[in-house]
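Colleague: Line by line, the protein sequences are chains A and B. Per this note's numbering: the first sequence = residues 127 to 675. Per this note's numbering: the second sequence = residues 4 to 215.
Treat the hints loosely; a few may be bogus.
[Stated by the list, open to error] If you want the footprint, here are the derived chain B segments under chain A, 3+ residues with CB under 8 Å:
| hint | stretch |
| --- | --- |
| 1 | 135-148 |
| 2 | 152-161 |
| 3 | 170-177 |
[To be verified] Label pairs and their calculated CB-CB ranges:
| hint | chain 1 | residue 1 | chain 2 | residue 2 | range |
| --- | --- | --- | --- | --- | --- |
| 4 | A | R173 | B | D77 | 28 to 34 Å |
| 5 | A | S663 | B | A74 | 38 to 44 Å |
| 6 | A | V638 | B | G38 | 54 to 60 Å |
Because the hints were derived from the structure by calculation, they are not lab data. Just so you know, these numbers come straight off a predicted model, no measurement behind them. Note that beta-carbon positions come from the ideal geometry of N, C-alpha and C, so glycine has one too.
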Amino acid sequence: MTCPPEWQLSAYVDAGLDAASMKPLELHLVSCARCRRRVVALRDEARVLRELAHERLPAPAQPAQVGRGIAFGLPIAIGALALASFGAGALIESVPRPFRWLAPTEELGVTNMLFDVAFAVRNNFAAWFDFAFALAALAAAAGCAYFAADALARRTRAAGRSTAALLLLAAAALAPRGAQAEIVVREADEGEVRVAAGETIDGSLVAMGESVIIEGVVGGDLLAFGESLRIAGTVEGNVFCAGREVEVAGAVTGSVHCAGEDVTLTGAVGGNFYGAGSEVVLGSASKVGADVAIAFQDGRLEGEIARDVIGAGEDVTVAGRVGRDANFHAGEIEFLATAVIPGKLELHLPEGEEPEIAAGAALGTIERKVLEDGAPSTPLKRLSQFEFIRRQIMLVVSAFLVGIVLFALAPGMFAARVETAGRFFGAVGAGFVALCALIVGGGLIGATIVGLPAAALVFLGMAVLIFVGPIAVAAIVGRTVMRSGFGNFREFAIALGVGLLLLGILISLPVVGVIATIVIVLEGVGLLTIEAWDWWSERRAARAEAMPA
Amino acid sequence: MAGPDARQRNAGAPALRAVAGTGPSSPLDHAGLVGHYGPEVLRLCRRMLGHAHDAEDARSETFLRAQQAAASWDGRPVRAWLLGIASHHCIDRLRRRALEGRLFEAKDLAEDDLPAQGASPLTLLLARERSGQLEAALAELPDKYRAPLVLRFLADQSYAEIAEALGVTDAQVAVLVFRAKARLREALTDERAALAGAGRKQRDKAARRTNR
Chain A
127 MTCPPEWQLS
137 AYVDAGLDAA
147 SMKPLELHLV
157 SCARCRRRVV
167 ALRDEARVLR
177 ELAHERLPAP
187 AQPAQVGRGI
197 AFGLPIAIGA
207 LALASFGAGA
217 LIESVPRPFR
227 WLAPTEELGV
237 TNMLFDVAFA
247 VRNNFAAWFD
257 FAFALAALAA
267 AAGCAYFAAD
277 ALARRTRAAG
287 RSTAALLLLA
297 AAALAPRGAQ
307 AEIVVREADE
317 GEVRVAAGET
327 IDGSLVAMGE
337 SVIIEGVVGG
347 DLLAFGESLR
357 IAGTVEGNVF
367 CAGREVEVAG
377 AVTGSVHCAG
387 EDVTLTGAVG
397 GNFYGAGSEV
407 VLGSASKVGA
417 DVAIAFQDGR
427 LEGEIARDVI
437 GAGEDVTVAG
447 RVGRDANFHA
457 GEIEFLATAV
467 IPGKLELHLP
477 EGEEPEIAAG
487 AALGTIERKV
497 LEDGAPSTPL
507 KRLSQFEFIR
517 RQIMLVVSAF
527 LVGIVLFALA
537 PGMFAARVET
547 AGRFFGAVGA
557 GFVALCALIV
567 GGGLIGATIV
577 GLPAAALVFL
587 GMAVLIFVGP
597 IAVAAIVGRT
607 VMRSGFGNFR
617 EFAIALGVGL
627 LLLGILISLP
637 VVGVIATIVI
647 VLEGVGLLTI
657 EAWDWWSERR
667 AARAEAMPA
Chain B
4 MAGPDARQRN
14 AGAPALRAVA
24 GTGPSSPLDH
34 AGLVGHYGPE
44 VLRLCRRMLG
54 HAHDAEDARS
64 ETFLRAQQAA
74 ASWDGRPVRA
84 WLLGIASHHC
94 IDRLRRRALE
104 GRLFEAKDLA
114 EDDLPAQGAS
124 PLTLLLARER
134 SGQLEAALAE
144 LPDKYRAPLV
154 LRFLADQSYA
164 EIAEALGVTD
174 AQVAVLVFRA
184 KARLREALTD
194 ERAALAGAGR
204 KQRDKAARRT
214 NR
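Just need the whole structure built from these sequences, with the hints factored in.
Modeller: Okay, here's the thing in structure tokens:
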């Protein structure tokens with residue numbers, strides 16, 4: 127059959143053909159890609175005509191206003207944000223000690239709780255959590271880069287204001303350290319950098335040399351890099367250091383972050399102690415005011431730790447006193463008689479390995495977990511694991527149930543149509559932008575302490591979106607495969623089931639699965655965003671219409 | 004043919020009835036009707052007739068007729084019923100306006116002599132963002148083409164209903180709607196060319212003025 131004239135296609139799209147001429151035309155459409163494309167274009171055109179007739183087209187762009195809106199809005203937003211975080215920083219610095227738990231970075235507390243929730247989620251929905259985390263990190267980086275580039279690009283248009291706003295933002299970032307802004311740099315390529323006993327440095331110190339020895343007092347933070355580092359004096363701020371041999375024997379008011387081959391702590395740390403090295407030793411005289419997080423080959427904990435410990439390594443020996451809970455991932459672990467851990471003790475050991483516990487050790491409740499085989503499971507191997515298969519099945523079933531509930535609550539969610547490649551990629555783009563916006567927005571809101579609960583809500587919403595998006599995609603895939611509609615519950619349930627099964631198999635495939643998962647999530651989030659946007663603008667249009675003319 | 008269309012329209016009926024039931028005391032209460040459907044009827048009239056002051060008249064006339072015809076209301080969705088009255092009234096006005104009272108000539112309705120492949124449907128999609136141009140192009144369509152287009156896409160009438168209102172056959176409606184779409188695309192394509200040309204003309208004019 128030759129292609130039907132264009133006016134017939136037009137009538138077909140407008141549902142204006144009688145049954146007699148519709149049948150051959152539809153038969154022709156099955157085999158003719160060209161006419162199918164024209165029908166799709168005509169259908170899109172009909173949509174535009176409908177919008178035109180209903181006066182729902184976007185209002186004509188007004189460049190001057192838009193330009194002014196951006197020129198004013200963005201700097202004001204950045205400025206306000208800067209002021210807010212400046213205020214928050216100042217507040218954190220000045221609040222009395224008992225209220226310190228409010229400060230997210232200073233001590234755990236609220237953040238501790240959030241992390242507990244996050245880890246609970248992680249343990250139970252590992253696959254989704256890992257994926258969401260990777261995606262969030264990626265999108266956040268991209269979003270921030272975009273935002274920064276965009277802000278810089280606009281500088282030409284609103285040069286003064288934006289620069290001022292960026293400066294304010296930079297000032298806010300440095301605000302808590304504003305009082306100790308002075309930074310002393312000491313460098314000695316071959317020899318040693320030494321702050322002798324009795325010497326005092328008012329600001330922060332950056333020290334680089336073959337060996338760095340601090341015997342005096344550093345008023346601010348200490349950044350030290352060298353072959354051997356020895357901190358025997360006092361550091362009022364935090365310590366960041368890396369070297370082959372690192373020894374902290376003095377007193378550090380803030381937290382210590384250090385990496386080296388041999389890491390030894392024999393002094394006192396007011397904040398947290400983070401250490402990584404092949405041998406990490408917290409000597410018997412050492413004291414840590416808060417938490418300890420260490421990674422090592424051989425680790426020895428002999429000192430006193432005020433709160434929690436998390437450690438990962440090959441051999442662990444515990445002889446000291448821990449204030450609360452401990453969590454170890456290790457090949458072998460030994461608790462000496464002097465060890466005290468009153469809280470929960472979580473041990474991840476290889477199968478068959480038992481902890482050695484000396485008679486006098488005072489340990490709280492012990493929770494044993496089997497450390498999984500060190501060899502990373504290949505994607506192919508995953509498929510033969512019962513755990514993996516079970517998780518995928520659970521995922522599909524839960525998605526199905528949630529989908530059914532959603533259909534009952536808001537069938538409009540599944541109204542999206544993906545007819546052209548353009549629409550498909552458009553939705554992927556929209557999904558990416560939406561996720562970026564949520565992450566950046568959530569991050570910005572969370573940057574102030576007041577905004578923390580709101581930020582938590584934003585991220586919760588994002589997690590929900592990431593879960594629900596693929597369900598919508600599955601429903602649409604199912605509808606396309608079954609060539610059905612969503613007329614009633616039965617049709618929807620069949621389409622959703624078929625779609626979820628297909629997608630479930632697709633995302634479980636090696637290699638392809640990862641890419642497919644990313645695309646499906648972006649597509650789903652994008653479709654939902656577009657639908658929500660359309661719904662919102664239609665509602666606004668309807669409200670505008672309802673107003674008396 | 005009318006089956007699925009009718010079902011679609013009736014899907015909206017409960018909501019409309021609910022609106023009519025909760026608002027005015029009777030579904031056909033005049034003030035209530037004008038309040039609920041006035042803006043939409045006005046928009047249909049404006050689209051059909053092309054200019055605003057005629058449209059105001061047509062709206063009042065529509066509601067007047069609706070009240071007189073209240074007895075003949077058959078319980079179908081009020082919106083469709085009202086828009087039907089409005090479109091009939093507007094078609095009457097268009098007829099009065101046309102030469103010898105004839106809206107269509109034989110050649111407008113003929114299936115042959117149709118452009119096989121004119122400007123692409125994409126033209127409208129591309130013009131979407133510049134809604135001002137699209138508006139103008141719609142307003143400048145000849146009455147005979149604009150009317151069926153507006154009935155189809157604003158009043159959501161089926162080809163059969165449009166055919167009945169205009170006194171032509173279904174197939175002729177298809178031809179009219181198709182011609183209307185093609186005209187709209189052409190107008191937009193021309194406009195773009197004209198816009199490109201206008202810039203040049205203005206520059207020429209300015210140059211001449213400075214020469215003088």
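Colleague: Identify every previously stated hint that the structure contradicts and give their numbers, smallest first.
Modeller: none
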